[in-house]
Amino acid sequence: MTRGQTRRRRREDFKPLSKDCMMTKDDMFRLIRREVNDNHVVLFMKGTPARPRCGFSAQAAQTLNDAGIAYKSVDVLSDPALFDGIRQFTNYTHFPQMFVDGRFVGSSEGISRFVMKKSV
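For the sequence shown, numbering that gives the first Met the number 0 begins at 0 and goes up steadily by one.
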């Protein structure tokens with residue numbers, strides 16, 4: 000298309016970018032439950048361990064890495080529905096949030112307690 004030309008909009012132009020955009024609350028909770036039940040330790044964080052996007056998430060990932068604890072990280076900033084969904088799922092608004100064996104252990108303080116118990 001050259002400058003100044005317009006393209007006629009097709010129905011596909013208005014479809015959501017991904018199926019996840021149309022997820023219901025129940026669908027999101029099922030997705031979260033699957034993550035926490037399929038993995039021993041799950042860290043829902045802002046960013047990734049290699050590129051954290053908040054200090055608390057960076058500290059949590061570093062704490063787990065230093066302790067040699069294997070975990071799955073999930074970037075809550077990658078999907079606004081996930082960001083809101085995990086907050087509703089746990090009824091907790093801060094990040095990071097960690098689950099161990101399907102149980103919510105909390106945020107930064109819970110992560111520190113978990114690591115201390117694990118190292119004793």
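I should point out that these hints are in silico values taken from the structure, not numbers from a laboratory.
Treat the hints with caution; some may be incorrect.
To be verified - No more than 25 Å apart at the CA atoms, straight line, and that leaves these computed lysine-lysine pairs for DSS-like: (1) K71 <-> K117; (2) K71 <-> K116; (3) K24 <-> K71; (4) K24 <-> K45; (5) K71 <-> K45.
Okay, the hints, checked on the actual structure:
1. Straight-line distance between C-alpha atoms of K71 and K117 comes to about 17 Å, which keeps the hinted pair within the 25 Å bound.
2. Under the criterion of a C-alpha separation no larger than 25 Å, the hint pairing K71 with K116 is consistent with the structure, at around 19 Å.
3. Between K24 and K71, the direct Cα distance comes to roughly 22 Å. Compliance with the 25 Å bound is thereby established for this hinted pair.
4. Proximity of K24 to K45 is assessed by CA-CA distance (about 21 Å); at most 25 Å being required, the pair is judged to hold.
5. Only pairs whose Cα atoms come within 25 Å are accepted, and K71 paired with K45 is accepted, the gap being roughly 13 Å.
Checked against the numbered hints above, the structure violates none of them.
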